[in-house]
Amino acid sequence: MSHEDFPTENPAVVTCGLPYANGDLHIGHLRGYIGADAFNRTLQTLGQDSIYVCGSDMHGTPVAVNAEQQGVDPEDFALEWHDQYEETFPKFNVDFDNYGHTHDETNTELTQEIVRTLDDEGYIYEKEIQVAYDPDADQYLPDRYVEGTCPYCGEKARGDECDEGCQRHLEPGEVEDPTSTITGNPAEYRERTHKFFEVSAFADFLTDFLDGLEGTSNARNQPRQWIEDGLQDWCITRDMDWGIDYPHGDDDSAGDDLVLYVWVDAPIEYIASSKQYAERDGTDAFDWEQVWKGDGEIVHIIGRDIIQHHTIFWPAMLEGAGYNKPRGVAATGFITINGKGLSTSRNRAIWAKEYLDEGFHPDLLRYYLTTTGGLQQDVDFSWDAFQETVNGELVGTVGNFWYRSLLFAYRNYEGTPETTVSEEVRERIEAAIDEVREGVNDYSMRGVGQAATRLAQFGNEYIQRNEPWKLTDDDPDRAAQVIRDCVQIAKAVAVLLEPITPDKAQALWAQIGEDGEIADAHLEDALEAPPRSFDEPGELFEKIEDDRVAELTAKLEERVATAAADDEGTETESDDTTGDEAAAMTATEDLEPLLEDRIGFGDFQDLDIRVGRIEAAEGIEGADDLARLEVDIGFETRQVVAGIKQLHDLDELPGTRCVLLANMEPAELFGVESNGMILAAGDDADLLTTHGDAALGEKIQ
RNA sequence: AGCGGGAUGGGAUAGCCAGGAGAUUCCGGCGGGCUCAUAACCCGCAGACCGGUAGUUCAAAUCUACCUCCCGCUACCA
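Going by our numbering, the first residue of the first sequence is number 1496, and it counts up by one from there.
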């Protein structure tokens, strides 16, 4: 089964994975939301009737537990994050038609209705399983909140997985000597009746479904294997208070305290949010039931960690409840920072708020995140690469073309020259429009962005090749023609780039004197003549300077290093299987506290630290600790005095590599001049050295 | 362990699904041009035997098998 290309006659719904109401947003999240936003905007420029909806994921154990730890109601806790998200998205031009949350009435009702239908259709059954229970806290413990001993390898294990030992998946009830991670007390097992959704009944359906599924290849291929391995039924209830209650039937004795597993109600928010939009907007404007129950185009853009939820559980639920299934699932890759995995606990991340606080325009990040790699690829973020993209493509190619064309047009014609677009340019723009169409149909936002950038590139080449500045006097007609073409290209670039950089495209739109919103423009408008006159244009993108990048990079690295140092302290704790926490605590307490005062990168740069090699070492007469060293730092050999006499065997030092602060003020100690400072750690003067091939004299940076 | 994704000039990235002239684009390097423009822009050059091995084919970066190295997933952890 293959789908008709976008745009279709049907309404479309685009969604992104729901943010889990439990923490700050970072660029890893943003990548998905921005990608989906750009996808939706592109569909709209194609003329597709399309909306973009999402909502906060409010339920689940992490929210419940974190709220409890803070002594607040889980709803209040989650709503606080929800509010923050809702405020943040517009700042990145992520324009949801509706943004709800899973705890609201619409979602609650819809979820219960769907579950009831699945129950009525016979897809849900009860089964007794062993569930850990904390008698002191008087509550059942979802798997992750139980720790104990792995029955297979004897290592410490979590309730669901032997994460430190044999990696085995553990069924409920398997962990030995269970303790509650909430109270630390021993837990006991109790038999509980839970509800299971018969996913296994949908194997054939899912196989067919995957055959026709559009999107990224990983979202199609991975689930196939799971189906082949045999689908297991899905436990869809939890022993918790926080969540959506299992809908009770009259004869139902089981699910008293049961709420639905968070992954049941989370994707239903896609439907609920669409419904809220339609009801707010009037069903005439958008028919949510057509999309979800009739002929509609449903596209989910998600992270690749939640593929199975969207390609197995979710379509099975939809099928079982008589709903329409997604047309496409696009699973994005991850974001890495400077080549290493993003880690929120280690503070290795670029936070949404942080990015904005640094004063960067959201469109820069939008462009970077959507065009740096394919949707499916992992994308590395570094301030260096960010600068390169912004300065090279947005400033140099797009911005410069926009500005030079419009400025020339303004100065010589006070707007658009009165002539028609040349055939060559019209065809080039049409080709770019086709590239956008192909891009979105291939779920390639990169392709969409590049179609626009390449058109700007053509514009630069075109204006250069025709040199209108030479023609204004010699051949005014020809000059007018060329500039007319350039203004058209500038307008076309704006239309094509709108899905990626909506703000900047709008600014250009205004500069060429167009009324209204460029977001309402269609691709074909790229070929429509711009208004006759416009005002003097301004520059839309500005360069990011090198020292700014250096500053940001240093800031990030310092932060990660600080977090890593903290982490090491805690890691010692958890790695220590004998559980000697007291020792670890003491070790940390002995350390000098970290300085609160931060220094700028400039301050760091003031330190000239070099790689050196100790050539000679001898004690200084009359001094207890001081030694006179000769250190080769490439350019020269320095004499330095260091307080390491009693801590090292001086005879063994020559030949040792070391690290020297070279621009230390000279000092005289015991009559010996010291011309630098050897770096060493702690009271034991553990000498710092290098571990690679750094040449003598190389700067530490 | 199984599975998924990746491995392309110094760096980064496209092409692979629909196999065909020694391969895209960006950054960097070298040389040139232009001066309308944000020291921008345009042109040219150098540079990769497309992770390894073996196949299929007239023809493979593109298909098949095996292998190596990264990243990730394996469902009652959102």
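Check before you lean on any hint, since a few could be wrong.
Claimed, not checked - Within a straight-line C-alpha distance of at most 27 Å, the following computed DSS-like cross-link-like pairs (lysine-lysine) qualify: (1) 1820 / 1835; (2) 1835 / 2194; (3) 1586 / 2050.
Said to hold, decoys possible - Just the calculated beta-carbon pair ranges, DEER-fashion: (4) 2011 / 1848: 30 to 38 Å; (5) 2129 / 1566: 54 to 62 Å; (6) 1836 / 1707: 46 to 54 Å; (7) 2014 / 1719: 35 to 43 Å.
Since the hints were made in silico from the structure, they are not lab data.
Glycine residues also receive a C-beta, built at the ideal position from the N, C-alpha and C atoms.
- Can you list which hints this structure breaks, lowest number first? Hint check: 1 and 6 fail, others pass.
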